[in-house]
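Take the sequences, apply the hints, and build the full model.
As given, the protein sequences belong to chains D and P, one line each in that order.
Mapping of the first sequence onto the numbering used here: position 246 corresponds to residue 246, and the numbering continues sequentially without gaps.
Mapping of the second sequence onto the numbering used here: position 443 corresponds to residue 443, and the numbering continues sequentially without gaps.
Derived by calculation from the structure, the hints in this document are not laboratory data.
Honestly, I wouldn't trust all of these hints.
For chains that are exact copies, the list does not tell them apart, and a pair is met inside one copy or across any two.
[Unchecked claim] DSS-like, lysine-lysine: derived pairs with alpha carbons at most 30 Å apart:
#	residue 1	residue 2
1	K114	K65
2	K65	K503
3	K396	K352
4	K114	K56
5	K318	K503
6	K56	K318
7	K398	K114
8	K65	K2
9	K56	K385
10	K187	K503
11	K469	K352
12	K2	K469
13	K56	K106
Protein chains: 2
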Amino acid sequence: MKTLATLENLIDRLREIQRINSAASVLSWDQETNMPAGGGTARAEQIATLQGIAHKEFVEDETEKLLGAAVDLTTGYPLDQDGELWDESAQSLLREVWRDFNRARKLPSDFVVKLSRECSLAQQVWAEAREGNAFVDFLPNLETVLNLKREEAQYLGYAGSPYDALLDYYEPGTTIAGLRPLFAQLKARLVPLLRKIQNSPVQIDDSILFHAYDTARQLEFGRLVLIAMGYDFEKGRLDLSAHPFTTSFHPTDVRVTTRVHEHDVTSCLFSCIHEGGHGLYDQGLDPTHYGTPLGDSVSLGIHESQSRMWENCVGRSKAFWRFFYPVLQQTFHHQLRSIDLDHFYAAVNRVKPSYIRVEADELTYNLHIMVRFEIEQELIEGRVKAQELPELWNQKMKEYLGIVPPTDSQGVLQDVHWSLGAFGYFPTYTLGNLYAVQFYDQARMEIPHLEDEIAAGQLLILRQWLGQKIHRWGRMFTPERLAQRVTGVSLTPEPYLQYIERKYGELYRI
Amino acid sequence: MKTLATLENLIDRLREIQRINSAASVLSWDQETNMPAGGGTARAEQIATLQGIAHKEFVEDETEKLLGAAVDLTTGYPLDQDGELWDESAQSLLREVWRDFNRARKLPSDFVVKLSRECSLAQQVWAEAREGNAFVDFLPNLETVLNLKREEAQYLGYAGSPYDALLDYYEPGTTIAGLRPLFAQLKARLVPLLRKIQNSPVQIDDSILFHAYDTARQLEFGRLVLIAMGYDFEKGRLDLSAHPFTTSFHPTDVRVTTRVHEHDVTSCLFSCIHEGGHGLYDQGLDPTHYGTPLGDSVSLGIHESQSRMWENCVGRSKAFWRFFYPVLQQTFHHQLRSIDLDHFYAAVNRVKPSYIRVEADELTYNLHIMVRFEIEQELIEGRVKAQELPELWNQKMKEYLGIVPPTDSQGVLQDVHWSLGAFGYFPTYTLGNLYAVQFYDQARMEIPHLEDEIAAGQLLILRQWLGQKIHRWGRMFTPERLAQRVTGVSLTPEPYLQYIERKYGELYRI
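Given below as structure tokens:
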């Protein structure tokens with residue numbers, strides 16, 4: 001059997017390239033958390049330079065030579081010409097490197113640099129436009145990015161829609177054709193459920209969440225929950241940023257951010273738990289495989305499954321609050337002393353169509369994704385112009401959620417993704433929601449008394465299970481194979497739908 | 001006349017390389033201010049990778065081709081083969097690029113990577129060893145770095161001592177032979193002056209500085225002074241780090257750090273002013289020349305002249321405190337209400353031999369440098385082994401300052417420099433002290449009523465003068481030429497010595 005040892009030169013090269021990518025990630029993190037306002041233009045150039053170098057080194061003849069010695073470069077099949085087979089790790093590594101290489105070599109390095117620069121700049125313009133509710137200010141940058149992404153799809157090639165070429169980057173193997181029935185199935189059961197909830201006699205009062213809560217204490221509580229989850233502060237940090245995110249420079253340096261609103265006790269809390277779920281995944285990757293696909297996360301859908309599982313299946317469960325609500329009550333004695341657990345639990349699970357995706361409840365969240373999924377296709381396929389976006393957005397919001405945002409800041413400008421060129425990213429959020437419940441159901445079957453443990457504040461047992469089942473494997477398995485290995489079946493929306501119907505059925509007495 | 005426009009391709013290349021160096025600086029800044037403890041090893045590799053790439057790109061044939069088209073690569077003389085001369089900017093740029101290129105090409109890229117990695121690691125070990133007062137823990141890393149620096153000197157070549165090859169990097173043209181008489185001159189007048197001060201009937205009581213001062217307020221005051229100096233927070237930040245430093249990623253993103261001790265009101269204050277002086281220089285460089293020598297600082301000695309001028313000539317002057325002492329009194333009413341200006345002014349100027357260089361007064365500071373200057377030579381020339389350092393250190397401290405530090409943490413382990421491989425750096429501090437007074441004397445002659453302006457809190461006028469005379473020129477002139485242009489003469493210790501003798505003569509009634 002040939003092992004990873006045979007691939008040492010290729011791996012050294014990948015590791016070197018990853019160090020450049022990690023450096024670019026440090027610069028991006030810094031841009032979001034620390035960079036003074038004036039530094040933006042220079043920073044965009046610096047990040048673009050690093051990404052250009054990383055791309056150039058990756059697609060160089062030397063990589064092709066090293067990779068070509070191990071796989072057929074046209075098909076990706078491992079070469080066994082000397083009669084010896086590759087072991088499973090080596091096969092997985094080669095499959096994934098070939099996939100990345102094959103994609104990267106289709107893009108000229110100049111194009112990569114240009115895309116990186118334009119996205120950094122667009123992000124900065126977007127942030128200001130959002131702040132000032134001025135879509136027109138963002139429009140020229142959005143058009144530039146959009147055109148570049150269309151160009152990228154052409155470079156990459158596709159069978160069905162150019163949008164497929166972009167989807168595949170975030171979630172390998174995903175296509176419009178594959179997603180449409182999935183979304184249709186969700187829509188068919190979520191929309192009627194939403195209607196029932198809206199017509200339910202049960203009215204949940206969540207006003208207690210929006211009293212004044214000291215921001216420093218909110219942060220402290222978020223930090224406490226992260227520690228309980230097993231997030232390792234020796235290998236991580238918690239900072240503030242306009243939009244919570246997680247980034248990793250190495251499994252020994254994985255950073256999460258949050259935001260704190262004095263008049264919303266849920267914002268900091270759930271974003272800490274959410275990003276903590278991402279952080280645990282990145283801290284759980286095997287550092288010996290840093291730089292290779294075996295030290296990388298499987299896909300954005302799987303990554304999101306980790307954050308959503310912690311945020312929703314755990315963080316919005318009764319069990320979780322059995323332990324943590326008394327702690328929260330102690331922290332905010334004045335505000336919460338007369339609110340009982342059931343009231344608080346209901347409040348953090350209230351279903352209500354709202355404008356902002358990241359603040360949406362577990363049910364309507366996917367409707368927000370459907371809005372974006374449909375708009376993205378039309379944008380990338382060129383059936384809709386960027387300037388038509390605000391109108392289209394509001395129209396889709398009306399259709400799916402029954403509400404129209406009063407401003408673009410609360411509408412089409414709310415998400416950073418399009419400024420970053422991340423078209424095709426949104427659907428992975430819904431995939432993450434589905435994977436989350438599918439994995440969590442399995443965890444409950446395999447871990448004895450999981451909910452009792454959680455109710456006793458013992459969260460580490462779940463982190464350990466996820467580490468063993470998912471984190472440590474990196475990209476050893478495709479998302480599909482991973483789901484099969486962990487749960488016995490491929491991705492299916494059924495567990496999520498049953499979970500939602502059960503949870504809200506109880507809460508709203510439907 | 002041929003201008004910079006003719007050099008466009010070369011400049012583009014330099015700019016690209018500088019972006020990589022700037023990225024490495026972001027990673028270093030992050031390491032000192034934010035990085036979680038566990039991230040150190042991976043970070044050292046990431047920085048080393050970037051520095052290796054920057055070095056490799058710089059010494060590549062393409063640079064040689066572009067540079068060789070404009071200068072004689074052996075002598076550095078500009079080529080005027082087509083009869084047209086280069087203008088002054090282009091000549092300066094070519095002179096400095098040739099100097100850098102000539103130096104860089106002597107070093108193999110593998111060596112640059114290794115040196116970078118070992119220094120990052122040594123720095124981390126040093127920080128722990130200093131914390132724990134354990135020189136032996138640091139010894140192996142110090143030996144590694146020392147051997148690499150000796151090796152570097154061999155690569156670079158030298159006429160007199162291998163130490164000269166290292167000196168020249170920080171202060172172009174500086175040699176042991178040039179520095180020795182300078183230090184001898186200082187020693188000849190500073191040591192007797194110190195003795196007179198120690199025998200003076202005037203005893204300054206500075207105990208008020210070491211009462212308890214709220215750290216948040218100290219930081220606020222430091223920030224206030226930075227703003228008064230003209231440090232632009234739209235293009236900079238102030239953070240905390242174990243050792244105050246300034247770093248620049250671009251003139252639009254220049255960051256200073258400080259430290260705050262509750263029981264020493266001077267530490268945060270003077271490090272803010274000191275680093276602010278560095279920061280003004282970096283913010284004052286011409287951004288259109290970013291990446292080329294014309295957008296870079298002249299030398300460390302000149303850089304230090306800016307920090308020391310602000311810290312000492314301004315920050316420890318009576319004029320400065322005429323305005324700022326009432327503000328400080330308001331900030332720390334309880335501690336300072338009964339202390340008058342003269343008392344406070346004397347306290348922050350008390351002369352007393354002490355263990356820690358960065359806390360030394362203006363007089364004994366240079367004695368600290370002489371200790372290091374002599375030890376460095378012996379280390380690099382191989383006459384002293386790293387393991388003998390603690391003993392040698394204490395012996396020299398006794399000789400120059402008459403005191404022996406009780407621990408290595410307060411002695412040989414106090415400075416970060418040797419862990420970073422920065423042998424040859426220390427002498428630039430003394431050069432900075434001398435340049436500072438020489439420039440400041442000139443400023444007082446040229447700016448009407450400068451000290452009255454300062455006494456009215458108007459510091460911007462000095463920043464503007466420095467910007468015009470020094471900052472904006474980058475490396476257009478050598479340090480020597482710059483001193484001549486600004487003050488009419490080359491570097492001379494006379495202004496500094498007269499300033500010191502006058503200032504302390506008054507304070508100590510000598």
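Outcome of the hint check:
Taking the shortest Cα distances, K114 and K65 sit within 30 Å of each other both inside one copy (27 Å) and across copies (26 Å). Proximity of K65 and K503 under a CA criterion of 30 Å is satisfied in neither setting, with 54 Å inside one chain copy and 70 Å between copies. In the homo-oligomer, the alpha carbons of K396 and K352 lie at most 30 Å apart inside one protomer (17 Å), although the nearest pairing across protomers, at 75 Å, exceeds that limit. Proximity of K114 and K56 under a CA criterion of 30 Å is satisfied in both settings, with 13 Å inside one chain copy and 23 Å between copies.
Proximity of K318 and K503 under a CA criterion of 30 Å is satisfied intra-copy only: 10 Å inside one chain copy versus 72 Å between copies. In this assembly of identical chains, K56 and K318 lie within 30 Å of each other by CA distance neither inside one copy nor across copies; the values are 51 Å within and 58 Å between. When the C-alpha separation of K398 and K114 is checked against a cutoff of 30 Å, the pair qualifies neither within a copy, at 36 Å, nor between copies, at 60 Å. In this assembly of identical chains, the alpha carbons of K65 and K2 lie at most 30 Å apart only when taken from the same copy (18 Å versus 45 Å across copies).
In this assembly of identical chains, the alpha carbons of K56 and K385 never lie at most 30 Å apart, being 33 Å within a copy and 45 Å across copies at closest. In this assembly of identical chains, the alpha carbons of K187 and K503 lie at most 30 Å apart only when taken from the same copy (18 Å versus 82 Å across copies). In this homomeric assembly, K469 and K352 never come within 30 Å of each other (Cα to Cα): the closest approach is 34 Å inside a single copy and 64 Å across copies. For the identical chains of this complex, K2 and K469 are intra-copy neighbours only, at 25 Å inside a copy versus 66 Å across copies, given an alpha-carbon limit of 30 Å.
For the identical chains of this complex, K56 and K106 are neighbours both inside a copy (12 Å) and across copies (26 Å), given an alpha-carbon limit of 30 Å.
Going through the hint list in order, the structure does not satisfy hints 2, 6, 7, 9 and 11.
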